[in-house]
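Chains as they are written, first to last, in our numbering: chain W, 1 to 219; chain X, 220 to 461.
In short, the hints are calculated from the structure, not lab data.
Possibly wrong hints are sitting among the right ones.
Straight line, CA to CA, 20 Å or less: simulated SDA-like cross-link-like pairs of lysine to any residue [to be verified]:
#1 X:Lys406 <-> X:Arg427
#2 X:Lys378 <-> X:Asp426
#3 W:Lys210 <-> X:Gln358
#4 W:Lys155 <-> W:Trp18
#5 W:Lys155 <-> W:Leu65
#6 W:Lys210 <-> X:Glu357
#7 X:Lys240 <-> X:Ser263
#8 W:Lys155 <-> W:Tyr193
#9 W:Lys210 <-> X:Tyr355
#10 W:Lys210 <-> X:Leu314
#11 X:Lys378 <-> X:Lys406
#12 X:Lys435 <-> X:Gly278
#13 W:Lys210 <-> X:His313
#14 W:Lys155 <-> W:Leu29
#15 X:Lys454 <-> X:Arg427
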Amino acid sequence: MGGFTLTHFLYLLQATGWTVVLTLLAFVLGCLAGFLVMLARTAQVRWVRGLSGLYVDVVQGTPLLIVLFLIYFGLALFGFELPAIVAAALSLMIYCSAFLGEIWRGCVQSVPRTQTEASECLGLSRWQTLRDVVLPQAMRIATPPTVGFLVQVLKNTSLASVVGFVELTRASQVINNSLFQPFLVFGIAGLLYFALCYPLSRLSRALERKLNGGRRQPA
Amino acid sequence: MAAAVSLRDVHKRFGEVEVLKGVSFEVAPGEVVAIIGRSGSGKSTALRCVNRLETIQSGEIELCGRRVDDPALDLRALRRDVGMVFQSYNLFPHLTVAENITLAPRRVRRTPPAEARRIAEEVLTRVGLSDKIDAYPEQLSGGQQQRVAIARSLAMEPKVMLFDEVTSALDPHLTGEVLKVMETLAKGGMTMLVVTHEMAFARRVADRVIFMHTGKVWETGPGSMLADPQTPELKEFLANGL
Ligand SMILES: Nc1ncnc2c1ncn2[C@@H]1O[C@H](COP(=O)(O)OP(=O)(O)O)[C@@H](O)[C@H]1O
Ligand SMILES: [Mg+2]
Chain W
1 MGGFTLTHFL
11 YLLQATGWTV
21 VLTLLAFVLG
31 CLAGFLVMLA
41 RTAQVRWVRG
51 LSGLYVDVVQ
61 GTPLLIVLFL
71 IYFGLALFGF
81 ELPAIVAAAL
91 SLMIYCSAFL
101 GEIWRGCVQS
111 VPRTQTEASE
121 CLGLSRWQTL
131 RDVVLPQAMR
141 IATPPTVGFL
151 VQVLKNTSLA
161 SVVGFVELTR
171 ASQVINNSLF
181 QPFLVFGIAG
191 LLYFALCYPL
201 SRLSRALERK
211 LNGGRRQPA
Chain X
220 MAAAVSLRDV
230 HKRFGEVEVL
240 KGVSFEVAPG
250 EVVAIIGRSG
260 SGKSTALRCV
270 NRLETIQSGE
280 IELCGRRVDD
290 PALDLRALRR
300 DVGMVFQSYN
310 LFPHLTVAEN
320 ITLAPRRVRR
330 TPPAEARRIA
340 EEVLTRVGLS
350 DKIDAYPEQL
360 SGGQQQRVAI
370 ARSLAMEPKV
380 MLFDEVTSAL
390 DPHLTGEVLK
400 VMETLAKGGM
410 TMLVVTHEMA
420 FARRVADRVI
430 FMHTGKVWET
440 GPGSMLADPQ
450 TPELKEFLAN
460 GL
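The following block holds chain X by itself, in its conformation from the complex (with noise of 0.2 Å):
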């Protein structure tokens, strides 16, 4: 089956700086892929050029089937297919959940306002937030307004799923229950290409991890290699933490 997701040989610069230095990989249908790293070793670059929030300067970048890199692209087109959360949730501060949750529906796929307020319950209710549905993002925890932020997402039906740092902004005792939607989605089938810090997420959800040093994919494999580094890079930073 052709990969979801998949680089060829990426370089990214900004300005003189080389952030990502030919990164090769792929994310095949229904795969968990994280990708660890330390920080500023390119992991968020990757997956913003997967959805083209950033433009590359050579190699070959596809999802599902479209050429993310062909200056070309419909970009409103390739967004139907990824959806992406991030570390600051960016909730629309002056929207309701609901309206967070229903305004892409309305504005891209003209559903109706009854039939968007439906997709926007349904989708907080697999992120257990049904009874938050009016409330303003500043009136939730961080826990929650990500989750509404994965809500919102999930509204469009995306194909793909990208998630930078998810759970970096987040007290430790709230990182639990954002993980664990997207375990459920990880479970439910879900394409997701995950940056992350959380190891024991990555080892026991991921199918594969990718390790991503100095703009290089150093090391690659299933959950597993988490517990028998090959690289002495790997080594040290699973040593270190980040």
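Next comes chain W alone, as it looks inside the complex (with noise of 0.2 Å):
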């Protein structure tokens, strides 16, 4: 049993990087998904909010490991053998945009009827009336559940050390693996987890404490 070196810290360092490079992969892929499927669940035409309501439904209902399970070993049998950083973030992009395109679902809706009908009626196309009246105050909303919800994707991101992917909690047991002192080793593995999400929740509790008090429109 050798001891905890800095060396080892270092190599957490490191994942703790990619973990971060995982997290915003998939968060910014999630968001960008999310917002079609956004789009798809409050669009015009039924079948269209259907199928993306079913879409959310089962991702919801599915666990993050399967998903990634079924992208990493199923697609291999297809002939599409990802890299583990790939199939994770591909994996942690279906469970954003399932989570955050309803998230986000819900954030739209709670802007006024009356506010797409002032803007319909000054001409505006269905389009302009979403980038320029809707999204603006529904993105205020948004934005606290968002940035707390980034907090669960981060965290998420240790899935990915299941298929190889050496973020933070690979690295860990790796480390630990030859050291067996998960008490210590993992307790630091923790400890840098609650460093990047701690802040994340502070910020998310803040902007929802800054909008709850701010400025509120009229009904």
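Put the complex together from the two separate chains, hints included.
Put into structure tokens, the structure is as follows:
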């Protein structure tokens, strides 16, 4: 049993970097896909709403780990052998898109219908109304839960360890396998996760307080 | 001269409930028509059918020569001709007064920003609020917000304006300033269809008054008809207020 050295710690820090990279990758892709899901969930056309609703239900009702296995091992059967980071990013993107799409749908629909009517009465198109009237108002409401959700994404990147992607969790396993000091090693990993998540949680809460205390629209 | 607005035997249902039961009336260009009637009699619905916020089941609606009930109607073209002001103002809370007013000219008519700003200044002067151009809606009183809403609509130079109980949400001491703006508009020759509970305004400003009752045009005539109601329903309505 060797001791935990600076080299180990630097290895964990480097892996933390990969956790951040994977988080950002998943989050950015997830936001793009989530925006499309939100559009589909609020579409005029009934079957578009229905189909996207089904997508959301299926993704939300499936463990992320299963999605990851399907993409990493499942696609490999068809000759798509994705690198672990790509499989993890894709899985997290799917996961994000369903949850963010649904959070944002709620925010968009909480903008009073009268705002849309006023805009359309002025001759703005549906798209212009969404872009200039609805989204700016929905975005203010959406920011706190979206930042809050980023914390979930960050923690869930640890699942990528099971397909061998060396992020923070995987790196701690590797170190612990040689040191056998689980409390120390996983404790440090936990602290590193906390150091990333805590500011985000605080930011989310601060944004929410600002939203509730700040300017409010009349009905 | 052809009517600016005309409804012929308009029927409108919400689900099973028939809200408009064969409504017909016309508004001539430059005319001011007030619609009065009990809450629930279908006034708002009639107005909302005119600019296709609602679709109708049968009948015909025409606005400035355009068939509103045509399924292939160019909605945006229709809405260049008709403006609407709501009871709840519906200003965009995230935009300044100037931005509220210039949004449609810039997006719909591609007016350059400087020119749009000039238009905003001009319409705000008409409603007496040129000093509020950079305020946010929440910084304004209800009466001021409603005047901005009118200015916002005017910026698109509509040929017809629809007003749906625009003073009903206002304190009595604020309704006057809004009604004054509307009266000025009326004098300036704007074609106006005004749903209102302000009987004094209807009598003084409207060329014609329509009394709606249970989804029908029950009685119609010049403003003076309010002093001499013909039907018991209008008599009762005028006696009991709303
Ligand atoms: N979107 C809607 N869905 C169902 N019923 C409606 C809707 N809008 C209005 N109604 C009903 O239609 C009737 C007429 O409403 P409205 O036109 O708003 O009357 P008014 O403006 O004269 O008070 C009311 O009974 C109201 O409940
Ligand atoms: Mg009404």
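Checked hints:
1. X:Lys406 <-> X:Arg427: holds (14 Å)
2. X:Lys378 <-> X:Asp426: holds (17 Å)
3. W:Lys210 <-> X:Gln358: holds (18 Å)
4. W:Lys155 <-> W:Trp18: holds (13 Å)
5. W:Lys155 <-> W:Leu65: holds (13 Å)
6. W:Lys210 <-> X:Glu357: Holds, at about 17 Å.
7. X:Lys240 <-> X:Ser263: holds (14 Å)
8. W:Lys155 <-> W:Tyr193: holds (7 Å)
9. W:Lys210 <-> X:Tyr355: holds (18 Å)
10. W:Lys210 <-> X:Leu314: Since the Cα atoms of Lys210 of chain W and Leu314 of chain X sit roughly 18 Å apart, the hinted pair holds (cutoff 20 Å).
11. X:Lys378 <-> X:Lys406: holds (14 Å)
12. X:Lys435 <-> X:Gly278: Roughly 13 Å between the alpha carbons, so the hint for Lys435 of chain X and Gly278 of chain X holds.
13. W:Lys210 <-> X:His313: Holds: Lys210 of chain W and His313 of chain X sit about 15 Å apart, inside 20 Å.
14. W:Lys155 <-> W:Leu29: holds (17 Å)
15. X:Lys454 <-> X:Arg427: The given pair, whose Cα atoms are some 17 Å apart, holds under the 20 Å limit.
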